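Based on the sequences and whatever the hints tell you, model everything.
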Amino acid sequence: DAKTTQPPSMDCAEGRAANLPCNHSTISGNEYVYWYRQIHSQGPQYIIHGLKNNETNEMASLIITEDRKSSTLILPHATLRDTAVYYCIVVPGAGSYQLTFGKGTKLSVIP
Amino acid sequence: NAGVTQTPKFQVLKTGQSMTLQCAQDMNHEYMSWYRQDPGMGLRLIHYSVGAGITDQGEVPNGYNVSRSTTEDFPLRLLSAAPSQTSVYFCASSRARGSYNSPLHFGNGTRLTVT
Numbered sequence: 001d002a003k004t005t006q007p008p009s010m011d012c013a014e015g016r017a018a019n020l021p022c023n024h025s026t027i028s029g030n031e032y033v034y035w036y037r038q039i040h041s042q043g044p045q046y047i048i049h050g051l052k053n054n055e056t057n058e059m060a061s062l063i064i065t066e067d068r069k070s071s072t073l074i075l076p077h078a079t080l081r082d083t084a085v086y087y088c089i090v091v092p093g094a095g096s097y098q099l100t101f102g103k104g105t106k107l108s109v110i111p
Numbered sequence: 001n002a003g004v005t006q007t008p009k010f011q012v013l014k015t016g017q018s019m020t021l022q023c024a025q026d027m028n029h030e031y032m033s034w035y036r037q038d039p040g041m042g043l044r045l046i047h048y049s050v051g052a053g054i055t056d057q058g059e060v061p062n063g064y065n066v067s068r069s070t071t072e073d074f075p076l077r078l079l080s081a082a083p084s085q086t087s088v089y090f091c092a093s094s095r096a097r098g099s100y101n102s103p104l105h106f107g108n109g110t111r112l113t114v115t
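Residue numbers (this note's numbering), protein chains in the order written: chain A, 1 to 111; chain B, 1 to 115.
Looking from chain A toward chain B, a few residues come up when the C-beta cut is under 7 Å (computed):
#1 P44
#2 Y46
#3 Y97
#4 G102
#5 K103
Everything labelled a hint here was simulated from the structure, so no lab data went into it. This structure is a prediction, so every number in the text was calculated from the model and none was measured. Just so it is clear, CB atoms sit at the ideal spot from N, CA and C, and this is done for glycine as well.
Laid out in structure tokens, this is it:
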């Protein structure tokens, strides 16, 4: 299964875009990139996912490079409530159900 | 919909005691799983189930048992608690067996302390 690499922490000014990078250089062709976040000690919350195309929803945008070896989660206008740990994970294709969460990136939104 | 409900929210056990962490979902999800989260360790998969009657081991299964007699419930049993099992436990579910195109829905966790 592909593993991911994320910076341990990042800061972002309130109101600015937060760009969180993720490296998944060993990703396979049928594996999805998923992003979750965990606010304080709550259960992780799904944000967005994609296979090869860029994706956007009401929470964020996901930019996946053409070679699929890395991706960036974009929070367009970060607020204090976006302070959380953000996890980038690669979800195996059909036939494998074990999802691996790393340590993620601690995003601190600064007033 | 309640989503994924975990009980209890907090629990303190003595070494050697047994207990069951409850997890229930009302979304008719096939896939359910248990994770533990220790400080600085991220989330580690304990056990998972792809449907009623089917369970399998994850990354750290030792010391834990599971069963899946219904689609809705996926309890996690600690037969003889050890201090190393002090952790926060999360239950998660998703719609599809493969889960590759279906997000995980997490409960809010059970915080377990073993003394």
